[in-house]
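Number of protein chains: 2
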Amino acid sequence: MIKFSINKALFLQALTATKRAIASKNAIPVLSTIKIVVLDKAITLTGSNGQISIENTIPVSNENAGLLITSTGSILLEANFFINIVSSLPDVTLDFEEIAHHQVVLTSGKSEITLKGKDVDLYPRLQEVATESPLVLETKLLKSIIAETAFAASLQESRPILTGVHMVLSNHKEYKAVATDSHRMSQRKITLENVASDFDVVIPSKSLREFSAVFTDDVEKVEVFFSASQILFRSEHISFYTRLLEGNYPDTDRLLTSNFETEVVFTTASLRSAMERAHLISNATQNGTVKLEILGNSVSAHVNSPEVGKVNEELDTLSISGNDLTISFNPTYLIEALKALKSETVVVRFISPVRPFTLTPGDDSENFIQLITPVRTN
Amino acid sequence: MIKFSINKALFLQALTATKRAIASKNAIPVLSTIKIVVLDKAITLTGSNGQISIENTIPVSNENAGLLITSTGSILLEANFFINIVSSLPDVTLDFEEIAHHQVVLTSGKSEITLKGKDVDLYPRLQEVATESPLVLETKLLKSIIAETAFAASLQESRPILTGVHMVLSNHKEYKAVATDSHRMSQRKITLENVASDFDVVIPSKSLREFSAVFTDDVEKVEVFFSASQILFRSEHISFYTRLLEGNYPDTDRLLTSNFETEVVFTTASLRSAMERAHLISNATQNGTVKLEILGNSVSAHVNSPEVGKVNEELDTLSISGNDLTISFNPTYLIEALKALKSETVVVRFISPVRPFTLTPGDDSENFIQLITPVRTN
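Residue numbers (numbering that gives the first Met the number 0), protein chains in the order written: chain A, 0 to 377; chain B, 0 to 377.
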């Protein structure tokens, strides 16, 4: 029967990080609990929503944890409830003791709280991933790739494969991440070094966003392990599992061509704020598009929503070259594309009013490209 | 037809303050608009939800406003939409011009946005309050009285009069504010000076909470005016109207007696955190009460929720006197009462397990008293 004492603040931090995997409502009731496994040298906290699972380990060797394990064991406790209780305790440390079958007493200062738990055998077995020959990535780099691509994935379950980010490694070094919802696409390439095995996986974009929230910036590197149906991201104390999406990801390379007829360079921030104004008005109608007019030396944006109003605006540009062109599109896609760009300037290249246009950062035209499909208007 | 130019940031601030009166959904559609009246020397913005109304005046004399009025007039504009548009404008100033019947053009930098408005005659007439012989109050004092009482008002419309705070002035100086939801009561008394007329009104607690949000701490004093059905709080630029509640407020004085059998002095913060722990567990059951046991020289708190767990805790006290006593109550009422107390210590006086107990600040037993009704348990 479990017995340990621990620093309250550190325990709470680990519980809160683990809770990120736990959905407040789940079709499988036991997944609203947190699994606490106490071994001789460490405590492991596990949370899962069936899609992603987080395992958080607090070792006795962590001096900030003030962890003293007297007796081992395991139990399930209602996650939200347990975390609220721990957070309310008066003292800096707490004693956790299993006093009877699935009954736990928390003592802290003069406060003594008894809680009912559940048998750990009720918890589903998380699929296992072999931890051999990891791919090691800088956490910061992986988070930046996620920020550049995951937003472009589809939110609709009608084509489940498009809700993921396609991550591919070829020739042991050419890494590519791409996401598309069929209206826009975002692709980041990077050259990695010393990678053992190529891979080709589709990771749910939702899981990747959770990854970015769970692995804080003080975690320098993560190890990545693959199995047929899962991927595991692991740092010193956190193991983050996510299910992979099954199926063939569409061939996105065929969408990218290098020819174009018109090229405009904008300041990223000024184009974004103009599109945000356009969106306020375009959003009020079903059509919801903004019209961009490139005429000689000027670019202007126009929205007309008969019921609420209209926008006419001349845009600031850094350079314009090529043919005149008028093209309509959903400004939301352009706003989100610009948000993902870290460079001060953006190069926009058009082929025709009915062909997708591309965005590349002003300082890197090779490795990061985005594509937006226009809307045909009459 | 309206024409003016104004500093965007200041205009936005006034619009946002006015919007507080505007409900996002209202049975009367025109109340989702903001009324803009442009006179020679000032602009007035009006928002209302039918219960409260806010009028915000921006005078030409306000140097921060950079207000230049070229032509006067009035119009209604969809509040949320208009505020979002103004907030998105690129330049520090904006030009507002009515170009045709209920059509407005906003120009700012290179951006030009046309909006449709409505005829000002569609806006309901707000009831008027005569602005003679005001009661002048310090804003800070009035906000502190609201914080001490409004929370104790009822949220249920079954007895509408109890959703208000009863404010009474007697003998031209004795001011009393009291609120009760029939389970607990909070009463603040203050002696005012030089007040012309006595009053006896019941103000919706919701309106008072809005008052506290609208009048920021830099507004030193407010003038208060009464009519039969409305009250007006007015500062230099803001007029805040609220409807009064009709009916007789129950006689709360008869609930207060000076005799008691047991007195305990607690540190406010430590009693509050003990009650917050108790509440986490008590909240899980229908009964939802905490039991306080005063036995000789100790006070302890107990909760037992058979399904989730229990709490047993010895409470820190500063002094205990009188008879032993066991009493049960809803810890939420005590938590909220303690939140309203600014003093470091609190004096709690009990008569019997079935009679309401009182709370007074350790540093002022005369002017601020709260009362909580126990729950009978077997």
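It is worth saying that the hints were derived from the structure and are not from the lab.
Since this is a predicted model, take the numbers as computed values, not measurements.
Do not take every clue at face value.
Stated by the list, open to error - Mimicking DSSO-like on lysine-lysine, the simulated pairs with C-alpha atoms at most 27 Å apart in a straight line are:
1. B:Lys109 x A:Lys338
2. B:Lys290 x A:Lys115
3. B:Lys338 x A:Lys7
4. B:Lys24 x A:Lys338
5. A:Lys309 x B:Lys24
6. A:Lys341 x A:Lys142
7. A:Lys309 x B:Lys338
8. B:Lys290 x A:Lys109
Now for the hints, and whether the structure bears them out:
For a cut-off of 27 Å, the pair hint linking lysine 109 (chain B) to lysine 338 (chain A) stands: about 22 Å separates their Cα positions. With a C-alpha separation of about 20 Å, the suggested pairing of lysine 290 (chain B) with lysine 115 (chain A) holds against the 27 Å cut-off. Using a Cα cut-off of 27 Å, the hinted pair lysine 338 (chain B) and lysine 7 (chain A) holds, with the two alpha carbons roughly 25 Å apart. For a cut-off of 27 Å, the pair hint linking lysine 24 (chain B) to lysine 338 (chain A) is broken: about 32 Å separates their Cα positions.
Pair hint lysine 309 (chain A) plus lysine 24 (chain B) holds up; C-alpha atoms about 25 Å apart against a cutoff of 27 Å. Our distance criterion of 27 Å between C-alpha atoms is met by lysine 341 (chain A) and lysine 142 (chain A), whose separation comes to about 13 Å. Between lysine 309 (chain A) and lysine 338 (chain B), the direct Cα distance comes to roughly 50 Å. Violation of the 27 Å bound is thereby established for this hinted pair. Only pairs whose Cα atoms come within 27 Å are accepted, and lysine 290 (chain B) paired with lysine 109 (chain A) is accepted, the gap being roughly 16 Å.
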